[in-house]
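Asker: Given chain A, put chain B in place with the hints provided.
Number of protein chains: 2
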Amino acid sequence: MASSGPADLPRIRDQVGRALDDFLDRQRVLLSGIGGDMVACLDAITDLLAGGKRLRPAFCYWGWRAFGGQDCPQILAASAALELLHASALVHDDVMDGSDTRRGQPAVHRRFAARHDAESWRGPSEGFGAGAAILIGDLLLAWTDELFHASGLPQAALRHGQPVLDAMRTEVISGQYLDLAGQASGSTTVASALRVVVYKAAKYTVERPLHLGLALAEGASHQDPGHQDPGHQDPGHQDPGQARLAAAFTGYGIPLGVAFQLRDDILGMFGDPAQTGKPVSDDVREGKRTVLVALARERASRAEALAECELMIDKRVREALSAVQDAPITAQAMSALAELAVAATARCG
Amino acid sequence: MASSGPADLPRIRDQVGRALDDFLDRQRVLLSGIGGDMVACLDAITDLLAGGKRLRPAFCYWGWRAFGGQDCPQILAASAALELLHASALVHDDVMDGSDTRRGQPAVHRRFAARHDAESWRGPSEGFGAGAAILIGDLLLAWTDELFHASGLPQAALRHGQPVLDAMRTEVISGQYLDLAGQASGSTTVASALRVVVYKAAKYTVERPLHLGLALAEGASHQDPGHQDPGHQDPGHQDPGQARLAAAFTGYGIPLGVAFQLRDDILGMFGDPAQTGKPVSDDVREGKRTVLVALARERASRAEALAECELMIDKRVREALSAVQDAPITAQAMSALAELAVAATARCG
Numbered sequence: 082m083a084s085s086g087p088a089d090l091p092r093i094r095d096q097v098g099r100a101l102d103d104f105l106d107r108q109r110v111l112l113s114g115i116g117g118d119m120v121a122c123l124d125a126i127t128d129l130l131a132g133g134k135r136l137r138p139a140f141c142y143w144g145w146r147a148f149g150g151q152d153c154p155q156i157l158a159a160s161a162a163l164e165l166l167h168a169s170a171l172v173h174d175d176v177m178d179g180s181d182t183r184r185g186q187p188a189v190h191r192r193f194a195a196r197h198d199a200e201s202w203r204g205p206s207e208g209f210g211a212g213a214a215i216l217i218g219d220l221l222l223a224w225t226d227e228l229f230h231a232s233g234l235p236q237a238a239l240r241h242g243q244p245v246l247d248a249m250r251t252e253v254i255s256g257q258y259l260d261l262a263g264q265a266s267g268s269t270t271v272a273s274a275l276r277v278v279v280y281k282a283a284k285y286t287v288e289r290p291l292h293l294g295l296a297l298a299e300g301a302s303h304q305d306p307g308h309q310d311p312g313h314q315d316p317g318h319q320d321p322g323q324a325r326l327a328a329a330f331t332g333y334g335i336p337l338g339v340a341f342q343l344r345d346d347i348l349g350m351f352g353d354p355a356q357t358g359k360p361v362s363d364d365v366r367e368g369k370r371t372v373l374v375a376l377a378r379e380r381a382s383r384a385e386a387l388a389e390c391e392l393m394i395d396k397r398v399r400e401a402l403s404a405v406q407d408a409p410i411t412a413q414a415m416s417a418l419a420e421l422a423v424a425a426t427a428r429c430g
Numbered sequence: 082m083a084s085s086g087p088a089d090l091p092r093i094r095d096q097v098g099r100a101l102d103d104f105l106d107r108q109r110v111l112l113s114g115i116g117g118d119m120v121a122c123l124d125a126i127t128d129l130l131a132g133g134k135r136l137r138p139a140f141c142y143w144g145w146r147a148f149g150g151q152d153c154p155q156i157l158a159a160s161a162a163l164e165l166l167h168a169s170a171l172v173h174d175d176v177m178d179g180s181d182t183r184r185g186q187p188a189v190h191r192r193f194a195a196r197h198d199a200e201s202w203r204g205p206s207e208g209f210g211a212g213a214a215i216l217i218g219d220l221l222l223a224w225t226d227e228l229f230h231a232s233g234l235p236q237a238a239l240r241h242g243q244p245v246l247d248a249m250r251t252e253v254i255s256g257q258y259l260d261l262a263g264q265a266s267g268s269t270t271v272a273s274a275l276r277v278v279v280y281k282a283a284k285y286t287v288e289r290p291l292h293l294g295l296a297l298a299e300g301a302s303h304q305d306p307g308h309q310d311p312g313h314q315d316p317g318h319q320d321p322g323q324a325r326l327a328a329a330f331t332g333y334g335i336p337l338g339v340a341f342q343l344r345d346d347i348l349g350m351f352g353d354p355a356q357t358g359k360p361v362s363d364d365v366r367e368g369k370r371t372v373l374v375a376l377a378r379e380r381a382s383r384a385e386a387l388a389e390c391e392l393m394i395d396k397r398v399r400e401a402l403s404a405v406q407d408a409p410i411t412a413q414a415m416s417a418l419a420e421l422a423v424a425a426t427a428r429c430g
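Protein sequences, first through last, are from chains A and B. To get the working numbering, take the position in the first sequence, counting from 1, and add 81. To get the working numbering, take the position in the second sequence, counting from 1, and add 81.
Worth flagging that the hints you see were computed from the coordinates, not collected in a lab. Being a predicted model, the structure only gives us computed values, none of them experimental. For glycine and all other residues, C-beta sits at the position ideal for the given N, C-alpha and C. There could be a bad hint or two in this list.
[Said to hold, decoys possible] Which chain B residues face chain A? A few, computed with CB under 8 Å, are given here:
no.	residue
1	V110
2	S113
3	I115
4	D118
5	V120
6	C122
7	F209
8	R240
9	Y258
[To be verified] What follows is a set of in silico ranges between Cβ atoms, one per label pair, in the way DEER data are often shown:
no.	chain 1	residue 1	chain 2	residue 2	range
10	B	G132	A	A412	54 to 60 Å
11	B	G179	A	E379	37 to 43 Å
12	B	L111	A	A328	49 to 55 Å
13	A	W202	B	T411	49 to 55 Å
14	A	G233	B	D118	38 to 44 Å
15	A	D106	B	E207	37 to 43 Å
16	B	S113	A	K396	46 to 52 Å
17	A	S201	B	L111	55 to 61 Å
18	A	R428	B	D95	56 to 62 Å
19	A	T182	B	R383	44 to 50 Å
With the rest of the complex left out, here is chain A (with noise of 0.2 Å):
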C-alpha cells in the first residue's frame, strides 16, 4: 500500500496529515490561551491521528475527482475532517468497550488514567481516564465541523456537503448504538451482526465518504465567484449525473464497507498484533458479536469460519468493482476505485 497506484494514497495521506497538522496547531495556539492542562489533550489527539491510515478521506477524495472536481489542498482539508470524525469515534468506543490500546499505543482513557497515577491524584484514576476521553472524543467531533468547514472549498460546495456529513454522523453513532444494545440483549445472528456492519463500518466508511466527495464536487460545480445562481441554491437538488453517480457509489461502498470490516474482523482475531495495532482475539474475549464470532458459533468451527470469511470478502469486492464498472467516471478514477477496494480489504491489514 505504501507504492504509488492510480489512488495516490500515498500523496492522500501525506497531505491530510499535512491538514491535520495545521488544524492542530491552531488549535495548540487556542487551547493554551485557556489553560496549560489543555496541552495533555492536544498531545494525546496528535498521537492518536498520527496513526490513521486515511482510508475515509482517501474515498472522499476520490468521490470528488470522479464528479469531476479537481485536485487542491481544499478538498484534502475537508477530507481530513473524517478523520477527526473517526478519531472521536475509537476514543469514545474504546471508553465503552475497556480496551486497552488503539493504533499501538495506550487507548486515550487508559493514557490519562495512567497520568492521574502518576500524578497521584486524588479519586479512581479509571473514572478520571474515562472522563478525560469522553471530552477529548467530544473536542474531535465538534472539530470535524470546525475542520470541514475551514477547508477554504467554496460555500457552495459546503452546503451541498452538509446533509452527507450529518447523515454520515447520525448513521455511524446510530450503528455503534445497534451494536452495543445488540451485544447486550445477545441476538447473535449473522443477519443481525450484518445489519449493524452497514451502519456502522459499510456506509461510514466507503459509501458516505464517496457521496460527502460527489456532493463537494457537485456544489463547487455551481459555484461561480461573486456570483451565486439562484435556481442552484437548493443543496437538495441534484443533477442525473450526479444521482446516477451516487447510486453507484452506493452499489460499490455498501459491500467494499462490507468486506473492509469482515477483514477487520479477521485480523482482529487472528491478525498480527503489531500490525493491527491492538491484541489478538480482543473481539472473541469482550464477546463482540461480530460477523466473524456469529459464523464461528453457526459453523461450529474458527477454520470453516475463517474460510467463509474470506469467501465473502472476495464476493463483496467482486460485486463493488462490478457496480462501478458503468458509472459516468473517468479513466483514472475507476482505477483509484479499483486500488481502494484492494486497499481497504488487503490481508496485510
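Answerer: The following block gives chain B in isolation, referenced to the frame of chain A:
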C-alpha cells in the same frame, strides 16, 4: 420568569421548543429507518430537551436583535441549536459525575441502565447505561451543527457565526476538562474555581451566545440575495459597530455568566430539589470544587460563604448591566438584557 417582559422569554421558549420538536420529528423518521431500537434514544433526548430553560438561545436571539436583526423563525432555530449543545454537555457530565437525576428525571445513563435491568439483558447494566449516554451525547453534539446549518438563516450569516460556534464548543469542553483535572489534582482555591467557571459557564452561557447572535446578524446584514459582495466574504472582518458591541457583550457576559454559575452553586447546595431537578448538596457530596464550596472551605462557615456568594452575585450583575449601558443598541434590546440578567441569576432557579 413566566411573565412576558421586554426579553419576550415566554415566546422565545415556545418557539425554541417548537424548532427542537420539528428537528426531532425529522430525526425520528431517519432513526426509525436505521433501526427500531433507535427510538429509545430519541425518546430520551425528547424528554431531556423538554426541560431546558432556553437561556442560551435567549442570549443568542438578543445578540441578533441588538445588532438590528429582525425577529424571524430562522434565528430562533439557529439559537435552538445551542440547546442541543447544552443537552450533550449535560448527558456527558452526568456520566462523568455519576449523577442520578437531571431536570427532575433520571439521568440518561441511569434511564438506559434501568432499561437494561428491566429487560434482563446480559453484562453490567451500568456499562450499558454509560455507553448509551456517551452515544446520545455524541448524537446531540453532532446535531448542534446540523440544526445550526439547517436553520434557514442566509449562508452569509452562518459563515460569520461558524467561528463563534467553534470557539464556544472548544471552550466549554476545555472548561469541563479543566474542571475534571482540577478536581483530581485537588486545587480548590476560589481563584482556580473561578477560572473554570469563566470557560465552563460564563463564556459558554452568556458571552458566546450573545457573540453568536451578533455575528449571525452581522453576516446577514451583508447578504444581498442572489449576489454576494466579494468585499464582505471574510468572516474575520468586523465593522467598528460590531467590534464595540462584541466588547460590550463581553463586559456584560463574563460577570453575568459567573453570577449565573454562583446562583447555580447556591441552588445546588441550598435549593429546592423540586425546582432545581437535582438533590440538594450533590455538589458537596461529589467533592465538586465549586466557588461556593471553595468559599465555604476558606470562610469556615456555610452561612458566611452564602452571604459572600450573594454579594459576589450582586456585584457582578451590576457590573454586567453597567457594561452595556452605553452600548449602541436599541432601548428594547437594553431592557431585554436587563431582564435576562435578572432571569439568569434569580433566586427561584
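Asker: Are the hints correct? Go through all of them and say.
Answerer: Quick rundown of the hints versus the structure:
Nearest Cβ of chain A to the Cβ of B/V110: about 12 Å, over the 8 Å cut. The hint is violated. Interface restraint check: B/S113 against chain A, minimum CB-CB distance 11 Å, threshold 8 Å, status violated. Checking B/I115 against chain A by beta carbon gives a least distance of about 5 Å; that is within 8 Å, so the hint holds. Because the closest C-beta pair between B/D118 and chain A is about 5 Å apart, less than 8 Å, the hint holds.
Proximity of B/V120 to chain A is violated relative to the hint, the smallest CB-CB distance being about 11 Å (cut-off 8 Å). Proximity of B/C122 to chain A holds as hinted, the smallest CB-CB distance being about 6 Å (cut-off 8 Å). At its closest, the beta carbon of B/F209 sits 5 Å from a beta carbon of chain A; the interface hint therefore holds under the 8 Å criterion. Against a cut-off of 8 Å between C-beta atoms, the interface hint on B/R240 holds, since the closest Cβ of chain A lies about 6 Å away.
Interface hint at B/Y258: satisfied, since its Cβ lies 5 Å from the closest Cβ of chain A, which is below the 8 Å cut-off. With their beta carbons about 57 Å apart, B/G132 and A/A412 fall inside the hinted range of 54 to 60 Å. For the pair B/G179 and A/E379, the supplied restraint of 37 to 43 Å holds, since their beta-carbon distance comes to about 39 Å. A hinted range of 49 to 55 Å is violated for the C-beta pair B/L111 and A/A328, which are about 20 Å apart.
The hint said 49 to 55 Å for the Cβ distance between A/W202 and B/T411, and at roughly 50 Å that hint holds. Separation of A/G233 from B/D118 is about 39 Å and conforms to the stated range, judged on CB atoms against 38 to 44 Å. For A/D106 paired with B/E207, a C-beta distance near 39 Å keeps the hint of 37 to 43 Å intact. Distance hint check: the CB atoms of B/S113 and A/K396 are about 30 Å apart, inconsistent with the given range 46 to 52 Å.
Between A/S201 and B/L111 the beta carbons are some 47 Å apart, a value that contradicts the proposed interval 55 to 61 Å. For A/R428 paired with B/D95, a C-beta distance near 59 Å keeps the hint of 56 to 62 Å intact. For A/T182 and B/R383, the hinted distance range of 44 to 50 Å is satisfied, since their beta carbons lie about 47 Å from each other.
In this structure, the earlier hints numbered 1, 2, 5, 12, 16, 17 are contradicted, and the remaining ones agree with it.
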